[in-house]
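There are 2 protein chains.
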Amino acid sequence: MTRTVISSATKEVIISVDQPFVIIGERINPTGRKLLAAEMADGDYSRVEADALAQVAAGAHMRDVNAGIPLADEPKILAECVELVQSLTNVPLSIDSSIVAALESGLAVYKGKALVNSVTGEEERLETVLPLIKKYGAAVVGISNDETGISEDPDVRFEVAKKIVEHAADYGIPAEDVVIDPLVMPVGAINDAGRQVAHILRRLRDELKVNSTCGASNFSFGLPNRHGMNAAFLSMSIGAGLTSAITNPLHDPEMQAIKGADVFMGRDPNCKDWIKKYREPAPEGAEGDNARRREGRRRRRA
Amino acid sequence: MTRTVISSATKEVIISVDQPFVIIGERINPTGRKLLAAEMADGDYSRVEADALAQVAAGAHMRDVNAGIPLADEPKILAECVELVQSLTNVPLSIDSSIVAALESGLAVYKGKALVNSVTGEEERLETVLPLIKKYGAAVVGISNDETGISEDPDVRFEVAKKIVEHAADYGIPAEDVVIDPLVMPVGAINDAGRQVAHILRRLRDELKVNSTCGASNFSFGLPNRHGMNAAFLSMSIGAGLTSAITNPLHDPEMQAIKGADVFMGRDPNCKDWIKKYREPAPEGAEGDNARRREGRRRRRA
Numbered sequence: 001m002t003r004t005v006i007s008s009a010t011k012e013v014i015i016s017v018d019q020p021f022v023i024i025g026e027r028i029n030p031t032g033r034k035l036l037a038a039e040m041a042d043g044d045y046s047r048v049e050a051d052a053l054a055q056v057a058a059g060a061h062m063r064d065v066n067a068g069i070p071l072a073d074e075p076k077i078l079a080e081c082v083e084l085v086q087s088l089t090n091v092p093l094s095i096d097s098s099i100v101a102a103l104e105s106g107l108a109v110y111k112g113k114a115l116v117n118s119v120t121g122e123e124e125r126l127e128t129v130l131p132l133i134k135k136y137g138a139a140v141v142g143i144s145n146d147e148t149g150i151s152e153d154p155d156v157r158f159e160v161a162k163k164i165v166e167h168a169a170d171y172g173i174p175a176e177d178v179v180i181d182p183l184v185m186p187v188g189a190i191n192d193a194g195r196q197v198a199h200i201l202r203r204l205r206d207e208l209k210v211n212s213t214c215g216a217s218n219f220s221f222g223l224p225n226r227h228g229m230n231a232a233f234l235s236m237s238i239g240a241g242l243t244s245a246i247t248n249p250l251h252d253p254e255m256q257a258i259k260g261a262d263v264f265m266g267r268d269p270n271c272k273d274w275i276k277k278y279r280e281p282a283p284e285g286a287e288g289d290n291a292r293r294r295e296g297r298r299r300r301r302a
Numbered sequence: 001m002t003r004t005v006i007s008s009a010t011k012e013v014i015i016s017v018d019q020p021f022v023i024i025g026e027r028i029n030p031t032g033r034k035l036l037a038a039e040m041a042d043g044d045y046s047r048v049e050a051d052a053l054a055q056v057a058a059g060a061h062m063r064d065v066n067a068g069i070p071l072a073d074e075p076k077i078l079a080e081c082v083e084l085v086q087s088l089t090n091v092p093l094s095i096d097s098s099i100v101a102a103l104e105s106g107l108a109v110y111k112g113k114a115l116v117n118s119v120t121g122e123e124e125r126l127e128t129v130l131p132l133i134k135k136y137g138a139a140v141v142g143i144s145n146d147e148t149g150i151s152e153d154p155d156v157r158f159e160v161a162k163k164i165v166e167h168a169a170d171y172g173i174p175a176e177d178v179v180i181d182p183l184v185m186p187v188g189a190i191n192d193a194g195r196q197v198a199h200i201l202r203r204l205r206d207e208l209k210v211n212s213t214c215g216a217s218n219f220s221f222g223l224p225n226r227h228g229m230n231a232a233f234l235s236m237s238i239g240a241g242l243t244s245a246i247t248n249p250l251h252d253p254e255m256q257a258i259k260g261a262d263v264f265m266g267r268d269p270n271c272k273d274w275i276k277k278y279r280e281p282a283p284e285g286a287e288g289d290n291a292r293r294r295e296g297r298r299r300r301r302a
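So the sequences go chain by chain: A and B. Counting with the numbering used here, you get residues 1 to 302 for the letters of the first sequence. Counting with the numbering used here, you get residues 1 to 302 for the letters of the second sequence.
Check each hint, because a few of them may be wrong.
[Unchecked claim] Covered, in the sense of this in silico footprint (three residues per stretch, anywhere, with C-beta under 8 angstroms from a C-beta of chain B), are these stretches of chain A: (1) 228-239; (2) 250-260.
[What the hints assert, rightly or not] Interface residues of chain B toward chain A, partial, derived using beta-carbon atoms under 10 angstroms: (3) 188; (4) 197; (5) 223; (6) 234; (7) 239; (8) 240; (9) 258; (10) 264; (11) 268.
These aren't lab readings, by the way, just hints derived from the structure by calculation. Here a beta-carbon is modelled for each residue, glycine too, at the ideal position from N, C-alpha and C.
Bound conformation, chain A alone (with noise of 0.2 angstroms):
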């Protein structure tokens, strides 16, 4: 059983096909957020704080924090909306830059052992940002593509997550700490996606015993119903061995998806989460999911 450690100052969070699937909450995220990257840059991070409260409550195991904004200070902002969400929050980050700068300016002021979200098969990436992550003793998402592009191939992504891993034990990086992320594609665009995943986390789970990471939502894009694809797809994938994913935990069919798949999988022991999350009737000024589901219904019913 692998298991990968993040860590906050104050919490640790494990990602394991033997406990709940972790969710890291999205969002924190300018790319093509208009508003919220012209205030990024200006120094007003009102709408980071709101999105990483809101998103915490909503059962975010960890923060997805990048600040990829055009001609911005990538390395300042990142770094400052590291501390700002880390003084809000008690969850783990996970610090996302393209940008190596950013990476190492993010992953300066960090308290904790942060998840670098990430490097690729490409060889240019493996040598710098490996060492950051050996220096500071940070975990990474190896995303698998490389010089090539992204293979249609289940089996070829499969070889270039398990370079990452070769390349990250070369400089100390145990295979604990690095989350493979397959590359999700959209289903809309080539049809075997679903079988794709299901295949390259089979192997992930079983041959290279990595744990995984996606971004859930791409899956479902240019389809109607994404929340509903969203859920399909995030069930299923949990099934067939992924242990974490950037989503949105204020998305309700996701969430149920998510935790109606960790009760499958026997990770809920009692059905005890279920049970809080969904029971009725609500307690008086409950918050979140399960007090939304109710006003939905009770204006469905009006």
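Chain A is already provided as a structure; the job is to place chain B on it using the hints.
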């Protein structure tokens, strides 16, 4: 690839791992439905009619018909219901009774190749039901319990399934005409129920090479948010090899889980069915789940 072909007079349904998941519409079943039972005992089948039409419109590929009413003339009622439902819809039927005489009277009037629900691994049941299956050229659901009850050991349940398939072969019934129900336990009582089912399903698919079915709602018995749990159960069981289930296609979470699983498994070319079912905006006068979902959203927005 094992293909179980079930048919009505004019329509064929194929249960197979390379085909869309087969939804056997539940609920023409008076068990626990007092009003329906009383009406059916009086020869009033109006609710049977309405149920049948609604479920087929919502996407049931087959219908389960049960007339288990205490002290009523079950053989007569079941035969009448089979004839009625066959006159209303063209979907193949699952003829469901624990009384052998009722199964025979249903089979006698059925046009096509029925699925008989069910036989168990009990010697006495095998010896009375299997000859009927052979006589009418039907297929049969084999439930993986025997004289000793339902084992909590999934490998024992697998052995019972194997015994049913072997006995069927002795009567000249091929393995493709035996659809195994692995018996789904309530996960609220037996925490390992999900992993048990996944384990048996994989063995049924890979070793015994037979199709499978189950009552999808048993899993969530006693838990809150049963539809959400049924949805996760269905997606994950389909991933493990489940090829059909008795479920209610009018329940939207379950339908999304099934249709999403078909997409994930590569059984919905170009996501055509998914897009058709969940596409927006609605054509004028659209009916069914999609219309209800939109209506729900409209009210929530209001």
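Evaluation of the interface hint that places residue 197/B against chain A, nearest CB under 10 angstroms = holds, 8 angstroms
Under 10 angstroms, Cβ to Cβ, is where residue 264/B needs to be relative to chain A, so tell me if that hint holds or is violated.
-> Constraint on residue 264/B satisfied, holds at 3 angstroms.
Hint check: 10 angstroms Cβ-Cβ cutoff, residue 240/B to chain A | holds, 7 angstroms
Hold the hint about residue 239/B up to the distance rule: shortest CB distance to chain A must be less than 10 angstroms.
-> holds, 4 angstroms
Is the shortest C-beta separation between residue 223/B and chain A less than 10 angstroms?
-> Where the cut-off is 10 angstroms and the nearest Cβ of chain A is about 6 angstroms from residue 223/B, the hint holds.
Is the interface hint for residue 258/B satisfied, with its Cβ closer than 10 angstroms to some Cβ of chain A?
-> Given a least distance of 8 angstroms, the restraint on residue 258/B holds.
How about the stretch 228-239 of chain A: do at least three of its residues have a C-beta closer than 8 angstroms to a C-beta of chain B?
-> holds (count 9)
Once the shortest beta carbon distance from residue 268/B to chain A is found, is it less than 10 angstroms?
-> With Cβ-Cβ at 8 angstroms, under 10 angstroms, it holds.
Once the shortest beta carbon distance from residue 234/B to chain A is found, is it less than 10 angstroms?
-> Status holds, d = 9 angstroms.
Given coverage of the stretch 250-260 of chain A by chain B, tested with a Cβ cutoff of 8 angstroms and a minimum of 3 residues = With 5 residues close enough to chain B, the hint holds.
Holds or violated: residue 188/B as interface residue toward chain A, Cβ cutoff 10 angstroms?
-> OK, holds: residue 188/B within 10 angstroms of chain A, min 5 angstroms.
The structure shown violates none of the earlier numbered hints.
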